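Chemist: Okay, here's what each chain looks like letter by letter:
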Amino acid sequence: AQSVTQPDIHITVSEGASLELRCNYSYGATPYLFWYVQSPGQGLQLLLKYFSGDTLVQGIKGFEAEFKRSQSSFNLRKPSVHWSDAAEYFCAVGAGGTYKYIFGTGTRLKVLA
Amino acid sequence: EPEVTQTPSHQVTQMGQEVILRCVPISNHLYFYWYRQILGQKVEFLVSFYNNEISEKSEIFDDQFSVERPDGSNFTLKIRSTKLEDSAMYFCASRNREKNYGYTFGSGTRLTVV
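The listed protein sequences derive, respectively, from chains X and L.
Under the numbering used here, the first residue of the first sequence is numbered -5, with each subsequent residue one higher.
Under the numbering used here, the first residue of the second sequence is numbered 780, with each subsequent residue one higher.
Keep in mind that a hint or two might mislead.
As the list claims (entries may be wrong) - Now the stretches of chain X that chain L is said to cover, found in silico as 3 or more residues with beta-carbon under 8 Å:
| hint | segment |
| --- | --- |
| 1 | 37 to 47 |
| 2 | 94 to 101 |
As the list claims (entries may be wrong) - The following label-pair restraints were derived from C-beta to C-beta distances:
| hint | chain 1 | residue 1 | chain 2 | residue 2 | range |
| --- | --- | --- | --- | --- | --- |
| 3 | X | Glu9 | L | Glu864 | 32 to 40 Å |
| 4 | L | Glu832 | X | Gly47 | 33 to 41 Å |
| 5 | L | Thr786 | X | Glu14 | 33 to 41 Å |
| 6 | L | His789 | X | Ser78 | 20 to 28 Å |
| 7 | L | Glu838 | X | Leu106 | 36 to 44 Å |
| 8 | L | Gly795 | X | Gly10 | 47 to 55 Å |
| 9 | L | Glu864 | X | Thr(-1) | 22 to 30 Å |
Claimed, not checked - Straight-line distance between alpha carbons at most 35 Å, and here's what the computed DSBU-like set of lysine-lysine pairs gives:
| hint | chain 1 | residue 1 | chain 2 | residue 2 |
| --- | --- | --- | --- | --- |
| 10 | X | Lys43 | L | Lys821 |
| 11 | L | Lys862 | X | Lys104 |
| 12 | L | Lys821 | X | Lys55 |
| 13 | L | Lys862 | L | Lys836 |
| 14 | X | Lys55 | L | Lys836 |
Honestly, the hints are just simulated from the structure, not real lab data.
Note that the structure is a prediction, hence the values are computed from the model and not measured.
Beta carbons: idealized from backbone N, C-alpha and C, even for Gly.
If we strip away everything but chain X, and leave its shape as in the complex, we get:
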């Protein structure tokens, strides 16, 4: 069955530190992979997506993610975190002919000043 795992429920980093959020997926075919961010009380904003090609994808707000087929992973990274990055981050895989998403459980990021 298709699934997405985000092993870290909470992560706390200091402002200016680097960040890596982990995501592992289970999907039979070549996956379409996404990272979304949800700020408190807000909707879901797409950070970046991977469909094919270059396995390192760049997104908005200085985020990037690397697709590693051998590890079934799609980890999100940012070299220097800003206080405004505090939010919840969801990894998702696109599944099926109707293009629905299967989301992970999310990682809540806290940024220390």
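Since the structure of chain X is provided, determine the placement of chain L on it from the hints.
Modeler: Positioned in the frame of chain X, the structure of chain L alone reads:
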């Protein structure tokens, strides 16, 4: 940038009452979705809708739920007899014709059933 608009942003309803959540998708989008997020849990797919019919629905989307596109602009989710466990954030999303997962999500309706 075009937006998906959801109303109301927050709705409180009594258990057993019917509730309709409203969404205005982006005007040239053809594929529509509802997702929900119970507090503290992951976002879950409910239903997809295309060409005036449901194209896929999840196990969650039972007979208490229905969707409709009553006119050319609105996309609604109806819950006939709400239960406490229906309390969640409900997200509407729309996608354009191209099959590239070009979703745009609305900001959600928080439904509280008391």
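Chemist: Now tell me if each hint is right for this structure.
Modeler: Structure-based check of each hint:
Given as covered by chain L, the segment 37 to 47 of chain X passes the check, having 6 residues with a CB less than 8 Å from a CB of that chain where 3 are the minimum. Taking a C-beta to C-beta cut-off of 8 Å, the segment 94 to 101 of chain X contributes 7 residues in contact with chain L, enough for the three needed, and the coverage statement holds. Look at Glu9/X against Glu864/L: about 39 Å separates their beta carbons, and that is inside 32 to 40 Å. In this structure, Glu832/L and Gly47/X meet the distance hint of 33 to 41 Å, their C-beta atoms being roughly 34 Å apart.
About 38 Å separates the C-beta atoms of Thr786/L and Glu14/X, a value consistent with the hinted range of 33 to 41 Å. The hint said 20 to 28 Å for the Cβ distance between His789/L and Ser78/X, and at roughly 24 Å that hint holds. Taken as a hint, the range 36 to 44 Å holds for the pair Glu838/L and Leu106/X, whose Cβ atoms sit roughly 40 Å apart. Between Gly795/L and Gly10/X the beta carbons are some 52 Å apart, a value that agrees with the proposed interval 47 to 55 Å.
Between Glu864/L and Thr(-1)/X the Cβ separation comes to about 24 Å, which falls inside the hinted range of 22 to 30 Å. For a cut-off of 35 Å, the pair hint linking Lys43/X to Lys821/L stands: about 19 Å separates their Cα positions. Among the hinted pairs, Lys862/L with Lys104/X is consistent with the structure: their alpha-carbon atoms are about 33 Å apart, no more than 35 Å. Of the pairs offered as hints, the one joining Lys821/L and Lys55/X holds, with about 23 Å between alpha carbons and a cut-off of 35 Å not exceeded.
With a C-alpha separation of about 19 Å, the suggested pairing of Lys862/L with Lys836/L holds against the 35 Å cut-off. For the hint linking Lys55/X to Lys836/L, the alpha-carbon distance of about 33 Å falls within 35 Å, and the restraint holds.
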